[in-house]
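If you read the protein sequences in the order shown, they are chains A and B. Residue numbers are given in the UniProt record's numbering: position 410 of the first sequence equals residue 410, and the series is strictly consecutive. Residue numbers are given in the UniProt record's numbering: position 81 of the second sequence equals residue 81, and the series is strictly consecutive.
No lab work stands behind these hints, which were simulated from the structure alone. All C-beta atoms, glycine included, are put in the ideal place defined by N, C-alpha and C. A few of these clues could be false.
[Stated by the list, open to error] Partial chain A-side listing against chain B, Cβ under 10 angstroms, derived:
#: 1; residue: A22
#: 2; residue: G26
#: 3; residue: S142
#: 4; residue: Q227
#: 5; residue: A230
#: 6; residue: R231
#: 7; residue: A234
#: 8; residue: P277
#: 9; residue: V302
#: 10; residue: A317
#: 11; residue: G327
#: 12; residue: S394
#: 13; residue: A435
Protein chains: 2
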Amino acid sequence: MTIGIGLLGLGTVGAGVAAILATPAGRHPLVGELELRRVAVRDLNRPRPVELAAELLSTDPEAVVDDLAVEIVVEVMGGLEPARSLILRAIAAGKPVVTANKAVIARYGEEIAAAAARSGVYVLIEAAVGGGIPIIEPLKQSLGANRIQRVSGIINGTTNYILSRMAAEGAAYPDVLADAQRLGYAEADPAADVQGGDAADKIAILAGLAYGGPVPREAIPTEGIDQLDARDIAYAEQLGYVVKLLAVAQAMPSEQAMPGEQAEQLLDVRVHPTLLPKAHPLAGVNGVNNAILVEGDPVGQVMFYGPGAGAGPTASAVVADILNIAGIRQATGGRGTQAPLDPLLAAGSWRDCQLVESAVTSHRNYLRLRTSDRAGVIGAIGTCFGEAGVSIQSIVQFETQSAGGAEIVVITHEVCEANFRQALAAIEALTDVQAVAACLRTL
Amino acid sequence: MTIGIGLLGLGTVGAGVAAILATPAGRHPLVGELELRRVAVRDLNRPRPVELAAELLSTDPEAVVDDLAVEIVVEVMGGLEPARSLILRAIAAGKPVVTANKAVIARYGEEIAAAAARSGVYVLIEAAVGGGIPIIEPLKQSLGANRIQRVSGIINGTTNYILSRMAAEGAAYPDVLADAQRLGYAEADPAADVQGGDAADKIAILAGLAYGGPVPREAIPTEGIDQLDARDIAYAEQLGYVVKLLAVAQAMPSEQAMPGEQAEQLLDVRVHPTLLPKAHPLAGVNGVNNAILVEGDPVGQVMFYGPGAGAGPTASAVVADILNIAGIRQATGGRGTQAPLDPLLAAGSWRDCQLVESAVTSHRNYLRLRTSDRAGVIGAIGTCFGEAGVSIQSIVQFETQSAGGAEIVVITHEVCEANFRQALAAIEALTDVQAVAACLRTL
Chain A
1 MTIGIGLLGL GTVGAGVAAI LATPAGRHPL VGELELRRVA VRDLNRPRPV ELAAELLSTD
61 PEAVVDDLAV EIVVEVMGGL EPARSLILRA IAAGKPVVTA NKAVIARYGE EIAAAAARSG
121 VYVLIEAAVG GGIPIIEPLK QSLGANRIQR VSGIINGTTN YILSRMAAEG AAYPDVLADA
181 QRLGYAEADP AADVQGGDAA DKIAILAGLA YGGPVPREAI PTEGIDQLDA RDIAYAEQLG
241 YVVKLLAVAQ AMPSEQAMPG EQAEQLLDVR VHPTLLPKAH PLAGVNGVNN AILVEGDPVG
301 QVMFYGPGAG AGPTASAVVA DILNIAGIRQ ATGGRGTQAP LDPLLAAGSW RDCQLVESAV
361 TSHRNYLRLR TSDRAGVIGA IGTCFGEAGV SIQSIVQFET QSAGGAEIVV ITHEVCEANF
421 RQALAAIEAL TDVQAVAACL RTL
Chain B
1 MTIGIGLLGL GTVGAGVAAI LATPAGRHPL VGELELRRVA VRDLNRPRPV ELAAELLSTD
61 PEAVVDDLAV EIVVEVMGGL EPARSLILRA IAAGKPVVTA NKAVIARYGE EIAAAAARSG
121 VYVLIEAAVG GGIPIIEPLK QSLGANRIQR VSGIINGTTN YILSRMAAEG AAYPDVLADA
181 QRLGYAEADP AADVQGGDAA DKIAILAGLA YGGPVPREAI PTEGIDQLDA RDIAYAEQLG
241 YVVKLLAVAQ AMPSEQAMPG EQAEQLLDVR VHPTLLPKAH PLAGVNGVNN AILVEGDPVG
301 QVMFYGPGAG AGPTASAVVA DILNIAGIRQ ATGGRGTQAP LDPLLAAGSW RDCQLVESAV
361 TSHRNYLRLR TSDRAGVIGA IGTCFGEAGV SIQSIVQFET QSAGGAEIVV ITHEVCEANF
421 RQALAAIEAL TDVQAVAACL RTL
């Protein structure tokens, strides 16, 4: 009994999926049961890396979703619309959906999950985060015994490639970006990657699964790497750190729930360039690789590492989801869409999650100041921190070429963001401080 | 509707499971549905880290399995018998089983899987390999689209702790072992860990899942760390390597199957101390941590990292399995034990796997020779390798304290084991070679 697959999109990932389905030998035997029955493309005449029979192709994605021969809908077209509407259309028709679309899931995941629950179909999203790394299903199925303290990760391959090269070569951001675009590691319009939006989509999804409730995507404080100065990477290196674009979701102390009720979960979720100590498990993740670190009680730290993007890895994750649905269909004799959903695989929401105001969060900070080269400057800066109750780990003055000026780098201990902001305002007002040249977070 | 859990064993892991079940707040809501109804212990009066009502405890494990209130049997007693018989008894009674018992699964996995398929119940084993690291379910559910090329890992925490300390301190094996025993990182009888048997159990399980067929446990060539000389760790370090106890399962070229049939899969499976280049993803895994690297087409390299042992991490994996079964039961309205099994979660065997003769495998090798300190020795050794068709990467003579002798370390390129053995025999016959002091594999 073969299972009919309808593919929406035949770009990099779609072609990767088609290539796997066309070569089942040596893979899980269920791969051989999957039959590609209809493929929606934008342009019928575009040359493609995979050969498909012409009658499979259609420029009408709704027709692919509606096709009676299509039993599982695989959305790999990307973008918000028509992807969202097509996913909802498939669900309404009682067809399970596999999607790699992090932008849609991060924004409309709640709507889609509710529709899926009503129709009793699965919507699986392993490929939406971390490319080929199994992280979505492990979060749903393998870590449920834990109280999750933190999920942090390097989850954007483009920016990690750029940062890795900036660190290795001491090169400036615009130069490496241009080279990455030339090599195909960054898109012509790199905004979603370099400004952190893609990572914010993904951490919203991971946080929602780890903490059991949807996280408001648009409220996530997001800072990219497009303002990052090569100098800060070099200074960080000298101080024992590497700079990575980190996405973090962290549990904050929340009110106790009544017995039998789940408490609301307060979360600190954010995306920003971050100094990691060189010994940190995520510090050695370079190039287009991704890694996600999950910290929980009682598991401790577990890390998932691998290729964060690319046709093969992402297609591997898409087909894994298809296989999971196919396996359930086979077990239930094709009644999969009518049976109630396994709550772990379906991953419904079971807790109210709220983001906290950043003023009440606590972090370690890295601060680079341009100052006049005069005795007493470090003392004045130290006093500003002290008066705001901000404890300092180190203050280092670096040599600069510019005459008459100095650069001072401060790394704080973990301090409340409000206190840090207060110190920063006082420091900016110092006559000897010419500019706050950089302000980054530190783990 | 709560689900009744019967626990066989209340040692470290069992107590960890009981602790999670007793504190459901903040965990997945299904944890709150799990009720510990019966616990088999060896001695009713032994003090324990968890407090349990006296009426839950029993010294009769068969009574726990048979108890009508017990719906899922959790086997965490360890050892081959009575664990195997109790698992089979639970299956025969139609009760799904969760076990952390790698020794039983590595030896009787086929028998147990067949019985489980007949009874239509799940036997889940996430805790059997890698402690808290999700690796079993990801292998079953998330990588099925791939042709797996290799699964390699550091999967024994005790030996990794010992090797990490030997490397950091330049200490000798017996001294670090004694200290590890004192600190509780090694057992009084450390044989299963230090001789590699525990790692062989685990790689047999991983290989069986990755390649879809049972692997004959007793046929796995296994070498431990108990003969390892601190000198080889030091020399490896100078040459750019770290020494780890690596478990490897690797696909060998196999005959093509007829269309529609799955080919037999030839495997090279082994456990031995191995030199890893310092940049290798597994090289930085230290202490009691474990990591498993899976290489496949098209996913590339994915790695799973975390605490490989301990009450909390292992209990996290055990409860994850319980939750998966509970989730399916909830979805099927308690008919979970009667419904056909999802082939991915059940992970039946679908291919015939055979181990190859080690003579036809290929590896890089590290060889340390004690020789006389005479000109021409290196030339003679090089000639032996050349005549056997073994290509050499480096030959280095190290300083030794002993008068009149030298130590020569050779690292080969990847060569056929038979050729290497031929070269080794010729080298041993050289009058200037006093002894083959060490012979290790290199990645």
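For each hint, the structure was consulted:
1. Using the Cβ-Cβ criterion of 10 angstroms, the hint placing A:A22 at the interface with chain B is not satisfied: the shortest such distance is roughly 12 angstroms.
2. Below 10 angstroms, beta-carbon pairs count as interface contacts, and A:G26 has one with chain B at about 4 angstroms; its hint therefore holds.
3. The interface hint given for A:S142 is met, as the beta carbon of that residue sits about 3 angstroms from the closest beta carbon of chain B, less than 10 angstroms.
4. With 10 angstroms as the threshold, the beta carbon of A:Q227 stays out of range of chain B, its nearest partner Cβ sitting at about 31 angstroms, so the hint is violated.
5. Because the beta carbon of A:A230 sits about 24 angstroms from the nearest beta carbon in chain B, more than 10 angstroms, this interface hint is broken.
6. Because the beta carbon of A:R231 sits about 27 angstroms from the nearest beta carbon in chain B, more than 10 angstroms, this interface hint is broken.
7. A cut of 10 angstroms between beta carbons decides the hint on A:A234: the least distance to chain B is about 22 angstroms, and the hint is violated.
8. With a cut of 10 angstroms, the hint placing A:P277 at the interface with chain B is violated, because the nearest CB-to-CB distance is about 14 angstroms.
9. At about 3 angstroms, the closest approach between the beta carbon of A:V302 and any beta carbon in chain B falls short of 10 angstroms, and the interface hint on this residue holds.
10. The criterion of a C-beta within 10 angstroms of any C-beta in chain B is met by A:A317, whose closest approach is roughly 7 angstroms, and the hint holds.
11. Because the smallest distance between the Cβ of A:G327 and any Cβ of chain B comes to about 4 angstroms, under 10 angstroms, the interface hint for this residue holds.
12. Here the hint on A:S394 is broken, as its CB sits about 26 angstroms from the closest CB of chain B, past 10 angstroms.
13. A distance limit of 10 angstroms between C-beta atoms decides the matter here; for A:A435 the minimum to chain B is near 38 angstroms, and the interface restraint is violated.
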